[in-house]
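Between the sequences and the hints, there should be enough to build the whole structure, so can you do that?
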Amino acid sequence: MSEILKYLTQTWNIKKLVTLLSLFVLMMTSGLPLLAQQQRFPKPEFESGYTQPVTSMPDARSDFFALFDVFVLILALSLITWLILKKRSRRGVLAVSVFSILYFGFFREGCVCSVGSLQNVTLALFQPEYSIPISALAFFVIPLVYTLFFGRTFCAGVCPLGAIQDVLLLRPVTMKTWLQKVLGLIPYIYLGLSVLYAATATDFIICRYDPFIGIYRFDATFFMFSIGAIFLLLSAFVARPYCRFFCPYGVLLNWMSRFSKHHLTITPNKCIQCRLCEDSCPLGAINKPVPVKVMEDRPSATKRFIKLSLIIPALMILSAWTLSNFHENLAKVNTKVSLANELMLFKPDAMLPSVEVEAFKSAGTPVEELYSEAAVIVEQFYIGAWILGGFLGLVFGLTLSSLSVFKYREDYTPDKGECVSCARCLKYCPVEK
Amino acid sequence: MDTKFSNKTVNLPLWRGVAIVAGVFAILICAMVIVNYLQINKVDPVNTEVINTLVERLNENPKDVQLREQIREMDLLVRKAFFTNQWEVRTGAYLLLLSIIVMIIALQVMRMGKKNLPSVDEEYSQNIITYQQNARKWVSIGGSVLILVTLFLAFVTYKDLGTRFTDAAKIAKAETVASEVKAAPEVKQETPKSVVAKKNEVEKIEEVKASEPEAKKETKTEVLEKPVETEAVASVNKYKGEYPTKAMMANFPSFRGPGGNGIGYQKNVPTEWDGASGKNIKWKVTPELHAYNSPVIWGDKLFLSGADANKKQVYCYNRNSGKLLWTADINNVAGSVASPEVTPDTGHAASSVSTDGTFIFAIFSNGDLIALDMKGKAVWSKNLGVPDNHYGHSSSLVVFEDKLIVQYDHKKSGKVMALSTKTGDEVWRTDRKVKVSWASPVVVKNGDRAEVILASDPCVASYDAQTGEELWKLDCITGEVGPSVAYANGIVFALNEYASLVAIKTGDKPEVLWEAYDYLSDVPSPVATDKYLFVVTSYGLVACYDALSGELYWEHEFDNGFYASPILVDEKIYLMDRAGTMHIFKADKVFVSVATSKLGEKSDSTPAFADGHIYIRAGKNLYCIGK
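So the sequences go chain by chain: D and R.
Start counting the first sequence at 1; every next residue gets the next number (our numbering).
Start counting the second sequence at 1001; every next residue gets the next number (our numbering).
No wet-lab data here; the hints were simulated from the structure.
Certain hints may be false.
What the hints assert, rightly or not - Below, a list of computed lysine to any residue pairs in the SDA-like style, where the Cα atoms sit at most 25 Å apart:
(1) Lys-1173(R) / Val-1512(R)
(2) Lys-176(D) / Thr-1130(R)
(3) Lys-407(D) / Val-54(D)
(4) Lys-307(D) / Trp-1138(R)
(5) Lys-1170(R) / Phe-149(D)
(6) Lys-332(D) / Asp-1167(R)
(7) Lys-1080(R) / Val-54(D)
(8) Lys-1159(R) / Arg-217(D)
(9) Lys-1377(R) / Ala-1338(R)
(10) Lys-303(D) / Trp-1138(R)
(11) Lys-307(D) / Asn-1134(R)
(12) Lys-1586(R) / Lys-1509(R)
(13) Lys-347(D) / Ser-1413(R)
(14) Lys-1137(R) / Phe-245(D)
(15) Lys-416(D) / Val-173(D)
(16) Lys-1433(R) / Asp-1508(R)
(17) Lys-293(D) / Asn-1134(R)
(18) Lys-86(D) / Lys-433(D)
(19) Lys-1433(R) / Glu-1480(R)
(20) Lys-1473(R) / Thr-365(D)
Stated by the list, open to error - One side of the interface only, derived from the structure: several residues of chain D facing chain R at Cβ under 7 Å:
(21) Ala-340
(22) Glu-342
(23) Thr-365
Just so you know, even glycine gets a beta-carbon here, dropped at the ideal spot from N, CA and C.
Put into structure tokens, the structure is as follows:
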């Protein structure tokens, strides 16, 4: 329990995290967080009679409203799925997008959000003391379930991060397909890192570096505002840059969507090969027909596929070993590790103590306790780095081997993994139901 | 065939205009935001040259109310300007974003209005083989670059942190155990020697003659000229004597009593008197020169000093009759210079004198230090250099065996030194990296060490009273430190206004036992017993804490503030408020007032105690309370 309290107090300034943990906070008695807010530095006194405001934590969202958010999510998902699959309406998608920007974005200030919720789930899995709020769990699971059946309709217009990029798309530039493939690997790295940091209770990096949350809340730092503005400007020319090249939750949705039975189809009937939709997708997520004449000859492709498949274990080991050597740098993001490192290097005679060192010393925690905890965390990162490295090696290996596979295709079909079901392509198809 | 494309027309010139206006607006706002941002980055609102200069001027003349107000107004202006700039950057950034969004929407509408039909290339454009080749190539290159960069960074920055942390934890644990083992006998030794025990010890002394230099008996013959640095040698210097000595305990030789620790060992101390009716006021005299220092007592003699910018004097009174025995004018001190400017609430003789029963030692605002014999004749004198202190030097003197301990922490340099009581020669000196301090040294026997404990921004530090070697130091105190420390049972208590109250478990590796922030002091010092700590604030609040845990037992607010320090005598706390009323309460877990006696004259000095008597410097007078 004390670990969770410490964790909460260390990161309480991240509003998003605090709100994500709102229900958890409710479970604690109201006195405990107040104790945790022990005054570290004395407040100045004013002769003018000014009274210091009492430090307080944001109120947790009530159970009712937390469940109401889940209800709105289900409603919005159901509506947009119906609009995409049944009504085939781009305008409907646009309307839901605007609603999501207003409700999940500006009104709910981007929280609770499915993208960040994967960290709550990870933390709950790896830190048994942590009790995940039911709304966070619902926001994680529900879009995945919908995607498993209907494709990425969540991305289409319910996710406030995707919606804001989507409505700003002005003149999409056509990216080289190989470049998309390469950049599409970044979300796997981001996913791996966010899971590692959440599992070690280090940080929720997705929330910390969310480019749009500061804009939704009107409280971005200059740096984060600049990042958000760059993404939004880029969105005018590159469709959904964050969704495609960064979003870690998008990786999970991509996997789920591949199995979706009722995914959006470009044509409501039989494709007439008119090619009108060929360049209609700003995400480049339309699979074009692959006739036999453009395929590589089968023996050489098969040979390469086998070779590349065989080196996957070697790639995993190499990648895992590499990252395991890098684990110290990964671990330094953890506040305990960085403080222990700073304390170890601190020379009282020659250096001035930093605020962190001073605060730690004044807290009176035994230094051996900090070193021991830091050593344990570094060990966790070492194991985590091996697993993360292995995962990334597998992703790169599978990507390489899949690039030797040719699938015969006659029609224009959406790439189920990449397609975000934005419905832009639908109006290009002249075929009637 | 229904193409599903809208046939509605769009007012292209209108939207083009909107796009252009929004675009130009965005460029202008962008330029303004950048300029503003650069301005903010250059300005540090809490460190402006003009205000810093004015603050320096105010430090030289702290009573200049007009200047103080001017600084406050300027400070407010600078802060307002800073936050306005910040608001401008933030608002500008959002205006910029809004204008860009408007521009994009306008461009979107224009684009929709153009009704471009989808183009279809004549030939099938995608070469899947080339795509796969390129993708494989760049995925391989990307992966390799990532591996190489990661490996490079890993090997460059590798420190084996895990092992180092584990080792560091083991070392830290071993050190803690070692210091606990070392500290344990200290506490055990001190525990039975509670205040009461010490008092009983004093009671056994049948008579201590005033002229008898008891301190000499206790004096160790070995005088170390140089601080000893190695632990092995340091252990040789175990202090086997008693401090404070029985003679010191029978008297009141320094500011805040023997060793300056706020504890008196007298008995039958009066609790009731009244200045207006003269009840229990034995005598009242007026020393020639006023000062804020406190009287000290040895035998039948009472000593105190007075000074103004031109004159410095030490007075000796018969404490039974109030008769002035002698006045020593302090002249002809070698190297003496004119008195520096001091603030009226400090004066030129804020430091109390100290005595060992053989000599009386006095220090003044210009650094003049003099030793007089019991008849007022100068034995030796020297000037320590004018203290660079914007209020005026106020650290009092204390004697340890044959050494006079002087804390001399000033702007230019900080040091603590021990001078031979007989000759004034420097026995040891230790330089200190600290800021100005107005606190006084406290000398205690802590286990097998005699320690000089000092408080000054940024640390509480302890020095071997025999050698001057720094025994331990803990950075835990900030600001203009006025209160001296309190010591009991192996624990040192230090505090200062705007900092914190810290309980330090002493030893080679001192540890903060607990900290508190509620009640802090800028002038009066705390006092401690084995069980309790009493903190007195200058605004009139007194708090009692559990000495070991820091639990607040009680707090009590009095009508007037305190500058005088509390003294623990006869299991009671004597605390003089600024209006001249003595509050006497039990040194206990609950607040129990024993008596409240009014003298009727304002007092900022700490009283001195003798069996059956209290001596109080109030206003320009010196009072003897008793029958």
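Point to revise | Proposed proximity, Val-54(D) with Lys-407(D) (alpha carbon, max 25 Å) | key: This hinted pair is violated, its Cα atoms lying about 65 Å apart.
Review point. Is it true that the CA of Lys-1159(R) sits at most 25 Å from the CA of Arg-217(D)?
Key: violated, 40 Å
Exercise for review: For the pair we were handed, Lys-1586(R) and Lys-1509(R), check the Cα-Cα distance against 25 Å.
Suggested key: violated, 34 Å
Review point. Has the given pair, Lys-332(D) with Asp-1167(R), been kept, meaning a C-alpha gap of at most 25 Å?
Key: holds, 18 Å
Check your understanding: Is Lys-347(D) within 25 Å of Ser-1413(R), Cα to Cα?
Key -> Holds, at about 22 Å.
Point to revise | Restraint check, 7 Å cut-off on beta carbons, for Ala-340(D) near chain R | key: Because about 6 Å separates Ala-340(D) from the closest Cβ in chain R, which is inside the 7 Å limit, the hint holds.
Point to revise | Thr-365(D) as an interface hint toward chain R, with CB separation required under 7 Å | key: At 10 Å from the nearest chain R Cβ, Thr-365(D) fails the 7 Å test, so the hint is violated.
Check your understanding: Would the pair Lys-303(D) and Trp-1138(R) pass a check requiring their Cα atoms to be no farther apart than 25 Å?
Key -> Roughly 20 Å between the alpha carbons, so the hint for Lys-303(D) and Trp-1138(R) holds.
Exercise for review: For the pair supplied as a hint, Lys-1377(R) and Ala-1338(R), confirm whether the alpha-carbon distance does not exceed 25 Å.
Suggested key: holds, 22 Å
Exercise for review: Would you check the hint for Lys-1433(R) and Asp-1508(R), treating anything up to 25 Å between C-alpha atoms as holding?
Suggested key: Holds. Lys-1433(R) to Asp-1508(R) sits at ~19 Å (cutoff 25 Å).
**Study point:** chain R contact restraint on Glu-342(D) - CB to CB distance below 7 Å
**Key:** For Glu-342(D), the interface hint is violated, since the closest Cβ of chain R sits about 12 Å away, which is over 7 Å.
Review point. Is it true that the CA of Lys-1170(R) sits at most 25 Å from the CA of Phe-149(D)?
Key: With Cα atoms ~56 Å apart, Lys-1170(R) and Phe-149(D) exceed 25 Å; violated.
Of the numbered hints stated above, those contradicted by the structure are hints 3, 5, 8, 12, 22 and 23, listed in ascending order.
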